[in-house]
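Residue numbers (the working numbering): 6 to 190.
Simulated from the structure, these hints should not be mistaken for lab results.
Among the hints, erroneous ones may be present.
DEER-style ranges, computed between Cβ atoms [to be verified]: (1) Ser29 - Leu71: 21 to 31 angstroms; (2) Tyr129 - Val14: 34 to 44 angstroms; (3) Val169 - Arg15: 17 to 27 angstroms.
No residue lacks a Cβ here, since even glycine has one placed at the ideal position from N, Cα and C.
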Amino acid sequence: MHYCYHYLVRRFDEPEAMSTAVWSLQLTILVTAFPPFISNFFYLSRLYKIGQKNIFLIGGIGLLILARLGIELTASILLFIYPVFTEFSRYTYLVKAFCSISSAADILLAVFITWNLHKRRTGYHRTDMTIDLIIVYIFSTGVLTSIICTLSLLSVILIHGGLVDIALHAVLGKCPSLFYFGSFI
């Protein structure tokens, strides 16, 4: 919230203020690295427990998730070192790699959990309805986070010098928490 106030109220008439990352924006990018990481490892453990015992598949997706966290932490630390966006723009390859790896990990998790749940149908109507509900939830959340990450990737590629990718990244960091609390409804 502080960075919104800083850019939109406090420094409204100062366009040069938009070229520098304020401390709260830098900290937000650092903190939002962890909820998707925790969420993806939770789904990876669920994938292992529901029957996908292929260690190479689980390990590959796990490496993607770890690489995503490492790249995101590296980019956020570099944003602390280079707070001016024009200086940080030479590291956009990290943002592109993060978005690509994140989309791939989310889609792989959604597809393999959906496929494994679909194989576990029992033939009982109520159980199958519950499995269908879980499949819809898992697949829609995985696809939604992939779409947001793909939009972020496209904004980095197409809009040079814009802050659209940072806004989408903030939304992406909050998605796992929203999906988790939304599952209780």
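Status of the hints after comparison with the structure:
1. Ser29 - Leu71: 21 to 31 angstroms: With Cβ atoms ~27 angstroms apart, the hint holds.
2. Tyr129 - Val14: 34 to 44 angstroms: Violated: the Cβ-Cβ distance is about 57 angstroms, outside 34 to 44 angstroms.
3. Val169 - Arg15: 17 to 27 angstroms: Check passed, 21 angstroms falls within 17 to 27 angstroms.
Taken one by one, the earlier hints fail for this structure only at number 2.
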